[in-house]
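S.K.: Protein sequence lines, in the order shown, are assigned to chains A and B. Throughout, this note's numbering is defined as the position within the first sequence, counted from one, plus 2. Throughout, this note's numbering is defined as the position within the second sequence, counted from one, plus 8.
Simulated from the structure, these hints should not be mistaken for laboratory data. Mixed in with the good hints there might be a few duds.
In silico contact screen, one side only, chain B against chain A (beta carbon under 8 Å); selected entries [as the list claims (entries may be wrong)]:
| hint | residue |
| --- | --- |
| 1 | Trp-137 |
| 2 | Leu-143 |
| 3 | Leu-327 |
What follows is a list of derived Cβ distance ranges for each label pair [unchecked claim]:
| hint | chain 1 | residue 1 | chain 2 | residue 2 | range |
| --- | --- | --- | --- | --- | --- |
| 4 | B | Asp-188 | A | Tyr-125 | 39 to 45 Å |
| 5 | B | Phe-288 | A | Gly-134 | 47 to 53 Å |
| 6 | B | Lys-232 | A | Phe-81 | 50 to 56 Å |
| 7 | A | Ala-79 | B | Ala-170 | 18 to 24 Å |
| 8 | A | Leu-36 | B | Glu-183 | 38 to 44 Å |
| 9 | A | Met-139 | B | Ala-86 | 50 to 56 Å |
| 10 | A | Phe-81 | B | Ala-324 | 48 to 54 Å |
| 11 | A | Leu-47 | B | Gln-228 | 23 to 29 Å |
| 12 | B | Tyr-267 | A | Ala-109 | 32 to 38 Å |
| 13 | A | Leu-47 | B | Gln-247 | 29 to 35 Å |
| 14 | B | Tyr-57 | A | Leu-47 | 52 to 58 Å |
| 15 | B | Pro-93 | A | Tyr-84 | 38 to 44 Å |
| 16 | A | Leu-36 | B | Trp-106 | 35 to 41 Å |
From a predicted model like this one, the values you see are computed outputs, not experimental measurements. Note that beta-carbon positions come from the ideal geometry of N, C-alpha and C, so glycine has one too.
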Amino acid sequence: MSACPTTAGRSRITGRRRKKRYQEHRNLTTRRQLLLQALCLFVALTVLFPIIWVVSLSLDPRGLASADGLNLFPPGANFDNYFEVIERPTSNPVTFWQLAFNSLLLAVGAMVFSVALGVSAAYAFSRLSFRGRNVLMLGILAVLMLPAVAAIAPLF
Amino acid sequence: MSAATADSRLGRPRGPRLPRDARTAYLYIAPALLVMAIITFYPLLFQVYISFTDFEFRNLLPNNPANFVGVENYLRIAQDRLNIPNFAFLRMLAFNLWWAASNVVIHVIIGVGVALLLNQPGLRFRRFWRALYILPVVIPPIIVATVWRNMFDTRDGVINQALIGLGGLARIPAEAFEIDWLRAPQDILPLMPLAFFALLIANTWLGWPLNAVVATGALQSIPKELYEAAEMDGAGAWQRFRNVTLVFLRPAMLPYAIYGFVITFNLFYLSFFMTAGGPFGKTELLVTQAFRLASQQRLYGVAAAFAVFMFFILLAITLLVNRAAKATASYDR
Numbered sequence: 003m004s005a006c007p008t009t010a011g012r013s014r015i016t017g018r019r020r021k022k023r024y025q026e027h028r029n030l031t032t033r034r035q036l037l038l039q040a041l042c043l044f045v046a047l048t049v050l051f052p053i054i055w056v057v058s059l060s061l062d063p064r065g066l067a068s069a070d071g072l073n074l075f076p077p078g079a080n081f082d083n084y085f086e087v088i089e090r091p092t093s094n095p096v097t098f099w100q101l102a103f104n105s106l107l108l109a110v111g112a113m114v115f116s117v118a119l120g121v122s123a124a125y126a127f128s129r130l131s132f133r134g135r136n137v138l139m140l141g142i143l144a145v146l147m148l149p150a151v152a153a154i155a156p157l158f
Numbered sequence: 009m010s011a012a013t014a015d016s017r018l019g020r021p022r023g024p025r026l027p028r029d030a031r032t033a034y035l036y037i038a039p040a041l042l043v044m045a046i047i048t049f050y051p052l053l054f055q056v057y058i059s060f061t062d063f064e065f066r067n068l069l070p071n072n073p074a075n076f077v078g079v080e081n082y083l084r085i086a087q088d089r090l091n092i093p094n095f096a097f098l099r100m101l102a103f104n105l106w107w108a109a110s111n112v113v114i115h116v117i118i119g120v121g122v123a124l125l126l127n128q129p130g131l132r133f134r135r136f137w138r139a140l141y142i143l144p145v146v147i148p149p150i151i152v153a154t155v156w157r158n159m160f161d162t163r164d165g166v167i168n169q170a171l172i173g174l175g176g177l178a179r180i181p182a183e184a185f186e187i188d189w190l191r192a193p194q195d196i197l198p199l200m201p202l203a204f205f206a207l208l209i210a211n212t213w214l215g216w217p218l219n220a221v222v223a224t225g226a227l228q229s230i231p232k233e234l235y236e237a238a239e240m241d242g243a244g245a246w247q248r249f250r251n252v253t254l255v256f257l258r259p260a261m262l263p264y265a266i267y268g269f270v271i272t273f274n275l276f277y278l279s280f281f282m283t284a285g286g287p288f289g290k291t292e293l294l295v296t297q298a299f300r301l302a303s304q305q306r307l308y309g310v311a312a313a314f315a316v317f318m319f320f321i322l323l324a325i326t327l328l329v330n331r332a333a334k335a336t337a338s339y340d341r
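Excised from the complex, chain B in its bound form (with noise of 0.2 Å):
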């Protein structure tokens, strides 16, 4: 179907494929393949070995190879017997899919509920609004995270500050505000340490625009009709919130919230910068403990079987998102 149509566009008769079109074609891709063989297939084939080896520090050295371990560094990750500090293979995976989870859900109700602010017909300066709230993501990853980071600071954060502002009028002494964000070691909820709550506000602060421009777009190509309809059958605002709107909501934002996830779940910078895993490793990530494992530890082998874990958590994670996407893909169901 797709030869004879590609066939057609060009002026050929149709018929057999001519083998010089498949030579042209493979010529044309011939680069960009070496370019990627080179700097992507070559890497992931040696990483998968090395997962296999011992590979250390002593071995990036000529003329020293690394000795042949099996599934030994595998075992080493998922059973935690790594010589490093808070490390604890389960916990870090768990608060890593809560992590996304629960980022997403904010981001999702934020954003949509700023686009319905901002859809109310016959609001002024709406223009104006949506430009201001873009202003986040044009902001480079590293400046947000510093910027954070001193925001949540325990003695000059301005948002201790503020709390101080406010308890003030309460009359609450200053003293009960020294809160410290991002090193108190205490969990508030399982998984959770007060570290998590400052990522957390850093991330929606950061995620929540973008979400309301998708659903903002959704929202502008509902047809009026239908509401004129439903309220005409008697429909009350929230029913015709629950039936109309979130019906069509629901195809452009799951697919984004999907992708939202992914992109959240391996976000670097925000728990490397701002809290750089801490308190006692709680916040870290799978790709931060990846990062500090090869370029901190330096433990090459353990580092790459910790990689192809992560690939496949990520393929479960694609291929899950991949269905979900699927079924939800059209309005018709």
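For reference, chain A alone in the conformation it holds in the complex (with noise of 0.2 Å):
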């Protein structure tokens, strides 16, 4: 309890002084200023580059099963393959939206499934002492450990 003023005078404290010593080397000198920017971009630019390559494989017409070339702006550019996607992604006759939906469903119902066991559990752990209360914990952490993949061969 009595900690928190002190904890908060000292972050305000921390805070002035990062302030101040932000002000302080405000002017690297211009040359390193582009430098630095120059490779923050060239950084941005690894980052960016496969998404910019997705987001113009999708606006290309032309149906490619793979990309032709470094065209980022592809001939003919248009949004047909989105309207595509959003009447029927699929060969089945479900919509876009639909799937959505059903992604959604499925996640809700999982998430409140488990934040109630999970809720439930915690208090147990947290707030009430019982016998076998670490072995119990424990076996439950130890199951995080392992990987879903290891579990494969008995839920076929």
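Using the hints, put the two chains back together into the complex; each one sits in its own frame.
M.R.: Take a look at the structure:
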């Protein structure tokens, strides 16, 4: 309890200091600033390239199995692929919205169920004491370390 | 100790534990435990059981129990006596360990490097760059794998196209860059075919941003005074980095690196969807092999034994990791 105000006070001081430090060093030389920005831009390009590339493929109207070269702006780019995906993404007669709704239903269902179980178990583990508390806790945590694939054989 | 605090928090007088308390606790845990018993513990026990049998596809039919074969499945795996092409357990294990270790080292180095870059005082657009760099993390894994497989395509892939473009500047003919990234059979270095490097590049793209986030957090917690003191003591830029920055980065980065090691060790989708374990099973990981054994070869007994092997390998890694993490958890060592 009594620790709270002290920590708050300390963080206020460091906050002020940080601001001061920031102002002190604000003026990097222009050359250095440009150099660092160029580096940042290079990193950003490597990060963004696959993403941009997928977007450009998605705009391509020719239905290629794989790309044909380095065109980031495919000839005759349009949004037809997007309309197709929204109307009928697979060979089954379902729309994109139905698929999205299924995902949502699954996610919400799993969430409600697991939160309900988790909250009640967590309450017992954190607020109540009982025999076998540590053993049970370990048993539950140990299972977390297994990859999902490790239990694949019996689940077939 | 914890019993006393729990009781006092509930406003009950201290003293011997009330049995009613324990009963309530069990009641609260029961639903979770019941669900776990059905979906986790029962399959695990069943898995250990069928790992000692010759459980196969035909045994899935009712009234067709599998035969008990003892440790035969384990021996077949360890001695590579399975009827599966390119199965070599020890090579796979070595490759898997090397895959995880090499990835994590590269992720941490690039992550720390970018964090240092973004932590330069006075750098403009810092927030913008930070937001951009985190993008790979939010893309669904299977899409990442598919995109990178296409990028490494021999004829049409962006990587080869870019190399041809660069090579054109140096007058190198385009035919020199028809590189078959994902299928070239020969090893460049021991255990490492070209496909390994393709996977490494894809996973590096995917992995370093989170490392940069963790490193940034650690960097921002370093008190400025330490640098000033070091400077006053006559420490150069390298010495300041070595004796201040690295010392403060370590307790944050090491546990995260260990976590990254375990995650990468079990990284299913890049190996499975990009190279499908190829060429000749050289980039197969333990997880993908376990999946193949169960879903494609349908050797359930062998797959179960394989999973038990995996469990012990992971257990060993986890124990080692816990020791390492504890030994370096604080600044004072």
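S.K.: Taking the hints in turn, state whether each one holds.
M.R.: Structure-based check of each hint:
{"no.": "1", "hint": "Trp-137", "in the structure": "holds (5 Å)"}
{"no.": "2", "hint": "Leu-143", "in the structure": "holds (6 Å)"}
{"no.": "3", "hint": "Leu-327", "in the structure": "violated (10 Å)"}
{"no.": "4", "hint": "B/Asp-188 with A/Tyr-125: 39 to 45 Å", "in the structure": "violated (57 Å)"}
{"no.": "5", "hint": "B/Phe-288 with A/Gly-134: 47 to 53 Å", "in the structure": "holds (50 Å)"}
{"no.": "6", "hint": "B/Lys-232 with A/Phe-81: 50 to 56 Å", "in the structure": "holds (51 Å)"}
{"no.": "7", "hint": "A/Ala-79 with B/Ala-170: 18 to 24 Å", "in the structure": "holds (21 Å)"}
{"no.": "8", "hint": "A/Leu-36 with B/Glu-183: 38 to 44 Å", "in the structure": "holds (39 Å)"}
{"no.": "9", "hint": "A/Met-139 with B/Ala-86: 50 to 56 Å", "in the structure": "violated (34 Å)"}
{"no.": "10", "hint": "A/Phe-81 with B/Ala-324: 48 to 54 Å", "in the structure": "holds (52 Å)"}
{"no.": "11", "hint": "A/Leu-47 with B/Gln-228: 23 to 29 Å", "in the structure": "holds (26 Å)"}
{"no.": "12", "hint": "B/Tyr-267 with A/Ala-109: 32 to 38 Å", "in the structure": "violated (25 Å)"}
{"no.": "13", "hint": "A/Leu-47 with B/Gln-247: 29 to 35 Å", "in the structure": "holds (33 Å)"}
{"no.": "14", "hint": "B/Tyr-57 with A/Leu-47: 52 to 58 Å", "in the structure": "holds (54 Å)"}
{"no.": "15", "hint": "B/Pro-93 with A/Tyr-84: 38 to 44 Å", "in the structure": "holds (42 Å)"}
{"no.": "16", "hint": "A/Leu-36 with B/Trp-106: 35 to 41 Å", "in the structure": "holds (40 Å)"}
In terms of the numbered hints stated before, the structure departs from hints 3, 4, 9, 12, listed from lowest to highest.
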